[in-house]
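Those sequence lines, one after another, are chains A and B.
Under our numbering, think of the first position of the first sequence as 24, with each following residue one higher.
Under our numbering, think of the first position of the second sequence as 4, with each following residue one higher.
Don't take each hint at face value.
Derived pair list, reagent style SDA-like, types lysine to any residue, alpha-carbon separation capped at 25 Å [what the hints assert, rightly or not]:
hint, chain 1, residue 1, chain 2, residue 2
1, A, Lys110, B, Asn680
2, B, Lys704, A, Lys108
3, A, Lys110, B, Tyr686
4, A, Lys108, B, Arg684
5, A, Lys110, B, Gly681
6, B, Lys704, A, Val96
7, B, Lys609, A, Gln82
8, B, Lys572, A, Ala35
9, B, Lys704, A, Lys110
10, A, Lys108, B, Asn680
11, B, Lys584, B, Phe485
12, B, Lys583, B, Pro233
13, A, Lys110, B, Arg684
14, B, Lys704, A, Ile36
15, A, Lys110, B, Phe682
16, A, Lys108, B, Gly681
17, B, Lys704, A, Phe69
18, B, Lys197, A, Phe38
What follows is a set of in silico ranges between Cβ atoms, one per label pair, in the way DEER data are often shown [unchecked claim]:
hint, chain 1, residue 1, chain 2, residue 2, range
19, A, Asn50, B, Thr668, 35 to 43 Å
20, A, Arg49, B, Asn649, 35 to 43 Å
21, A, Asp114, B, Ser689, 14 to 22 Å
22, B, Ala673, A, Ala105, 50 to 58 Å
23, B, Leu664, A, Arg49, 37 to 45 Å
24, B, Leu664, A, Asn50, 41 to 49 Å
25, A, Val96, B, Ala673, 34 to 42 Å
26, A, Ile89, B, Ser689, 39 to 47 Å
27, A, Tyr76, B, Ala673, 29 to 37 Å
For the record, the hints were derived by calculation from the structure and aren't laboratory data.
Every residue gets a Cβ at the ideal spot worked out from N, C-alpha and C, and that includes glycine.
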Amino acid sequence: MVPETYYIALSAILFTIGALGVLIRRNALIIFMSVELMLNAANLAFVAFANTYEHLNGQIIVFFVIAVAAAEVAVGLALIVAIFKSKRSIDVDQMSSLKG
Amino acid sequence: MLLSEATTTGFFFLAPWIVFFPVIGLLLNIIIGGRLSERGIGWLASGASFASFVVSVLLAYSVWIGHGQSESVFLAEWMHVGNLSLDWTFRVDTLSTVMMLVVSGVGTLIHIYAIGYMHEDVRFKNDPGRYRRFFVFLNLFIAMMMILVSGDSYLMLFVGWEGVGLCSFLLIGFWYDMDTLGRPSWANSNAGNKAFITNRIGDFGFLIAGFLMFWYLGSFQFDQVFAAAPELAHAHPEIVVAITLFMLIGVAGKSAQIPLYVWLPDAMAGPTPVSALIHAATMVTAGVYLVTRSAPLYTLVPESQYVVAIVGAATALFAATIAVGQYDIKKVLAYSTISQLGFMVAAVGMGAYVAGMFHLITHAFFKALLFLSAGSVILGLERGHHHLAHHGDEHNDHHEEVFDPGDMRNMGGLRKTMSTTFWLYIVGTLALAGTFPFAGFWSKDEILLDAKLHYPTVYWMLTIAAFFTAFYMGRQIWMVFFGQPRHEAAAHAQESPKIMTIPLMVLAALSLLGGGLNLPFKGFHTMGHWLAYTLSESEALPLDLQVAGVSTALVLLAILVSWLIYGRKPLKAGQPDPLKKPLGFIFTGMENKWFVDEGYQAAIIKPFKKLSYFLADVVDWRFWHDWFHEKVIAGTYIWLSNIALNKYADQRGIDAFANGLGTVTKNLSASMRRVQNGFVRSYALSVLLGVVLILGYLLLK
Numbered sequence: 024m025v026p027e028t029y030y031i032a033l034s035a036i037l038f039t040i041g042a043l044g045v046l047i048r049r050n051a052l053i054i055f056m057s058v059e060l061m062l063n064a065a066n067l068a069f070v071a072f073a074n075t076y077e078h079l080n081g082q083i084i085v086f087f088v089i090a091v092a093a094a095e096v097a098v099g100l101a102l103i104v105a106i107f108k109s110k111r112s113i114d115v116d117q118m119s120s121l122k123g
Numbered sequence: 004m005l006l007s008e009a010t011t012t013g014f015f016f017l018a019p020w021i022v023f024f025p026v027i028g029l030l031l032n033i034i035i036g037g038r039l040s041e042r043g044i045g046w047l048a049s050g051a052s053f054a055s056f057v058v059s060v061l062l063a064y065s066v067w068i069g070h071g072q073s074e075s076v077f078l079a080e081w082m083h084v085g086n087l088s089l090d091w092t093f094r095v096d097t098l099s100t101v102m103m104l105v106v107s108g109v110g111t112l113i114h115i116y117a118i119g120y121m122h123e124d125v126r127f128k129n130d131p132g133r134y135r136r137f138f139v140f141l142n143l144f145i146a147m148m149m150i151l152v153s154g155d156s157y158l159m160l161f162v163g164w165e166g167v168g169l170c171s172f173l174l175i176g177f178w179y180d181m182d183t184l185g186r187p188s189w190a191n192s193n194a195g196n197k198a199f200i201t202n203r204i205g206d207f208g209f210l211i212a213g214f215l216m217f218w219y220l221g222s223f224q225f226d227q228v229f230a231a232a233p234e235l236a237h238a239h240p241e242i243v244v245a246i247t248l249f250m251l252i253g254v255a256g257k258s259a260q261i262p263l264y265v266w267l268p269d270a271m272a273g274p275t276p277v278s279a280l281i282h283a284a285t286m287v288t289a290g291v292y293l294v295t296r297s298a299p300l301y302t303l304v305p306e307s308q309y310v311v312a313i314v315g316a317a318t319a320l321f322a323a324t325i326a327v328g329q330y331d332i333k334k335v336l337a338y339s340t341i342s343q344l345g346f347m348v349a350a351v352g353m354g355a356y357v358a359g360m361f362h363l364i365t366h367a368f369f370k371a372l373l374f375l376s377a378g379s380v381i382l383g384l385e386r387g388h389h390h391l392a393h394h395g396d397e398h399n400d401h402h403e404e405v406f407d408p409g410d411m412r413n414m415g416g417l418r419k420t421m422s423t424t425f426w427l428y429i430v431g432t433l434a435l436a437g438t439f440p441f442a443g444f445w446s447k448d449e450i451l452l453d454a455k456l457h458y459p460t461v462y463w464m465l466t467i468a469a470f471f472t473a474f475y476m477g478r479q480i481w482m483v484f485f486g487q488p489r490h491e492a493a494a495h496a497q498e499s500p501k502i503m504t505i506p507l508m509v510l511a512a513l514s515l516l517g518g519g520l521n522l523p524f525k526g527f528h529t530m531g532h533w534l535a536y537t538l539s540e541s542e543a544l545p546l547d548l549q550v551a552g553v554s555t556a557l558v559l560l561a562i563l564v565s566w567l568i569y570g571r572k573p574l575k576a577g578q579p580d581p582l583k584k585p586l587g588f589i590f591t592g593m594e595n596k597w598f599v600d601e602g603y604q605a606a607i608i609k610p611f612k613k614l615s616y617f618l619a620d621v622v623d624w625r626f627w628h629d630w631f632h633e634k635v636i637a638g639t640y641i642w643l644s645n646i647a648l649n650k651y652a653d654q655r656g657i658d659a660f661a662n663g664l665g666t667v668t669k670n671l672s673a674s675m676r677r678v679q680n681g682f683v684r685s686y687a688l689s690v691l692l693g694v695v696l697i698l699g700y701l702l703l704k
């Protein structure tokens with residue numbers, strides 16, 4: 024049996040990679056995938072804890088997150104497509120029209 | 004209320020209409036008078052006054068069937084403060100109805116006369132637009148006079164008292180922008196001011212009397228004052244003396260007694276109907292009415308009565324001497340009025356209230372007659388002068404000449420050209436002089452008889468005054484109507500129209516028959532009985548042949564002397580008065596009104612003006628304004644606001660704080676705006692850092 028600490032550590036590593044991806048990368052698609060990575064890191068932590076404490080709440084939350092992430096993907100990809108249509112690029116640094 | 008019911012219980016409910024009718028008249032004239040003809044305006048005003056007269060007759064009838072019972076008719080609440088309660092209540096009793104009848108009756112006749120008089124006057128003065136205003140003022144006067152005589156309390160009386168003073172002022176200054184000869188000047192308005200200010204002094208006395216009355220007797224209402232007065236007179240007689248003497252100051256102002264009579268001769272600046280109505284027949288008798296009304300107070304303090312009697316007698320004599328030396332036809336009558344008012348005041352001072360009121364009524368008749376006839380004479384001369392100016396091309400010199408139509412030295416021989424006026428004037432003169440059987444004879448005789456019984460000094464003063472009265476009236480008749488015309492205008496004088504002479508005929512009839520109101524024979528003291536209901540005084544003296552004989556002899560003597568001086572050898576044009584030489588400085592004194600006006604100027608007005616200048620210039624302007632206000636208050640304030648508040652508190656305190664706040668915000672925001680770089684990544688980084696910080700804190704706590 025793999026101790027839960029491993030799962031948590033993996034989750035933290037995945038989350039950190041995701042966070043760094045969001046912060047460093049400019050490609051909107053990559054950022055988006057990094058966001059997904061963070062979400063799934065959280066999911067992993069949830070199921071790990073649910074297993075440890077033998078409590079179903081964590082797994083239920085994971086289902087919620089997966090459902091919300093699916094919706095988010097739909098909205099997010101639509102946004103990216105819309106941005107690409109107007110800018111011919113999906114470089115997030117060019118999305119600075121709202122800067123004061 | 005049904006008429007049949009009213010004839011048995013009285014018409015008292017109509018009392019307010021004695022005031023309302025003239026008010027309606029004046030309002031109608033203000034509102035629709037502009038669309039009426041002159042006749043329409045005049046008759047509307049006369050009708051209003053006549054309606055008031057009819058109501059007065061009905062009220063007198065009501066009092067008569069009520070056996071002289073006085074009646075109070077409540078109209079409106081005025082003010083109720085503490086134990087002061089004042090209402091507008093009409094008091095209808097034998098005394099007030101007598102005054103109402105005189106005011107509205109003589110007033111109506113004068114209104115009608117004025118229709119004709121003002122028609123010409125406004126044309127000679129070149130301003131027909133003022134015709135309507137005259138009648139508005141005249142109606143206002145009737146209303147105010149009615150308030151005065153019908154008031155149920157001293158304060159209501161005072162309202163009317165002030166109201167008639169206002170009307171007097173307005174009408175004296177009716178031609179406010181010219182003098183009596185029509186030249187541009189402020190003489191007439193100054194005369195109005197003089198009358199008003201002199202009356203203010205009198206009103207001040209009246210007010211003090213009123214305050215004392217309220218303070219010590221607790222009321223202004225006649226019955227309550229009179230009921231409480233005997234007790235006060237017993238405990239503090241000096242208070243009652245003070246009240247009555249202060250009231251005498253008011254009387255002296257309104258009824259033109261020494262020392263406040265000086266306004267009345269100047270009041271002749273008003274149009275002649277005004278002189279007749281306000282300054283002879285009605286308003287100036289208000290003082291006599293006041294003393295009569297306050298009879299219960301005066302009876303309590305013989306000292307005050309004595310003072311009143313002496314003031315009246317002195318005025319009667321003093322004014323009569325001045326009248327001898329006057330040349331203006333209206334000025335003679337003005338001083339005669341002062342003198343006759345002196346008779347009345349002396350009478351009421353002696354407690355002979357009936358005699359005083361009797362003389363008031365007869366005097367209203369014959370003095371109104373005389374004044375209006377004098378007005379007719381003046382207009383007659385104006386017409387003659389006008390006629391010359393337009394038709395007599397050979398008399399070109401008259402065009403520019405200043406002509407005084409009121410100067411008796413310009414008259415003479417008017418008996419032929421104005422015969423109606425002449426006969427009317429004769430009736431008035433005989434009545435004023437007190438010739439048997441004219442009205443003046445009976446009323447003056449009653450006063451003299453009372454004086455003889457009570458105050459011999461007053462009797463002699465009044466008898467001498469009566470001699471002078473006959474003399475100056477004789478002088479006037481000889482100068483105006485006899486001899487040869489001393490001026491072209493007098494030679495061409497024209498008689499006045501019927502609308503002016505018919506009211507005069509009515510007044511002449513009243514002057515002739517007015518004595519019948521109170522004949523000194525048993526059973527004929529009609530007025531004495533009538534007033535006795537109110538005054539509780541019913542001294543019905545029989546005719547004293549000695550008094551009547553002495554006064555008649557003196558009157559005849561005076562007329563004879565005046566004939567010897569003025570009638571036998573009529574005055575020539577430009578000739579000085581024949582009395583000037585033999586009497587010397589005495590006549591100069593009479594001519595110049597004994598220099599009383601000049602004396603007042605020197606003794607009161609000049610010092611008063613100097614004091615005013617001192618107060619205005621030195622005290623008010625230089626001390627208060629220049630030094631105290633400008634230097635002390637404004638200077639301190641400016642120093643305080645400029646240096647202390649502006650420089651230190653405001654600029655270095657509040658401004659610095661406010662500006663500092665702005666600067667800090669600006670600097671802060673300048674550094675903060677750099678965070679807003681528009682890169683989503685950097686925002687995400689700050690979110691991450693924030694989350695890490697919060698989580699770190701939560702974990703490591």
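Verification of the supplied hints:
1. With a CA separation close to 19 Å, the supplied pair A:Lys110 and B:Asn680 stays within the 25 Å bound.
2. Among the hinted pairs, B:Lys704 with A:Lys108 is inconsistent with the structure: their alpha-carbon atoms are about 49 Å apart, more than 25 Å.
3. About 21 Å separates the Cα atoms of A:Lys110 and B:Tyr686, which keeps this hinted pair within 25 Å; it holds.
4. With a C-alpha separation of about 22 Å, the suggested pair A:Lys108 and B:Arg684 falls inside the 25 Å cut-off, and the hint holds.
5. Distance check on the hinted pair: A:Lys110 and B:Gly681 sit about 16 Å apart at the alpha-carbon level, within 25 Å; holds.
6. Taken as a hint, the B:Lys704 and A:Val96 pair is broken in the structure, with Cα atoms around 37 Å apart against an allowance of 25 Å.
7. For the suggested pair B:Lys609 and A:Gln82, the alpha carbons sit about 116 Å apart, so the restraint of at most 25 Å is broken.
8. At most 25 Å may separate the alpha-carbon atoms for a hinted pair to count; B:Lys572 and A:Ala35 exceed this at roughly 150 Å.
9. Restraint check for B:Lys704 and A:Lys110: not satisfied, since their Cα atoms lie roughly 47 Å apart, outside the 25 Å limit.
10. Annotation: proposed proximity of A:Lys108 to B:Asn680 holds, straight-line Cα distance about 24 Å (limit 25 Å).
11. This hinted pair checks out: B:Lys584 and B:Phe485 have alpha carbons roughly 22 Å apart, not beyond 25 Å.
12. The hinted pair formed by B:Lys583 and B:Pro233 fails the criterion: a straight-line CA distance of about 53 Å is larger than 25 Å.
13. Proximity of A:Lys110 to B:Arg684 is assessed by CA-CA distance (about 18 Å); at most 25 Å being required, the pair is judged to hold.
14. A distance of roughly 24 Å separates the Cα atoms of B:Lys704 and A:Ile36; the hinted pair therefore holds under the 25 Å criterion.
15. With a C-alpha separation of about 16 Å, the suggested pairing of A:Lys110 with B:Phe682 holds against the 25 Å cut-off.
16. With a CA separation close to 20 Å, the supplied pair A:Lys108 and B:Gly681 stays within the 25 Å bound.
17. Between B:Lys704 and A:Phe69 the CA atoms are separated by roughly 24 Å; this keeps the pair inside 25 Å, and the hint holds.
18. About 110 Å separates the Cα atoms of B:Lys197 and A:Phe38, which puts this hinted pair outside 25 Å; it is violated.
19. A hinted range of 35 to 43 Å for the beta carbons of A:Asn50 and B:Thr668 is consistent with their spacing of about 39 Å.
20. A hinted range of 35 to 43 Å for the beta carbons of A:Arg49 and B:Asn649 is inconsistent with their spacing of about 60 Å.
21. The given range of 14 to 22 Å is respected by A:Asp114 and B:Ser689, whose C-beta atoms sit roughly 21 Å from each other.
22. One distance hint, 50 to 58 Å for the beta-carbon pair B:Ala673 and A:Ala105, is violated here, with the actual separation near 35 Å.
23. For B:Leu664 paired with A:Arg49, a C-beta distance near 41 Å keeps the hint of 37 to 45 Å intact.
24. For the pair B:Leu664 and A:Asn50, the beta carbons lie near 46 Å from each other, so the given range of 41 to 49 Å is met.
25. A beta carbon spacing of about 41 Å between A:Val96 and B:Ala673 agrees with the range 34 to 42 Å that was offered as a hint.
26. As the Cβ distance of A:Ile89 to B:Ser689 is approximately 28 Å, the hint placing it in 39 to 47 Å is violated.
27. Judged by the Cβ atoms, the range 29 to 37 Å given for A:Tyr76 and B:Ala673 is violated: they are separated by roughly 51 Å.
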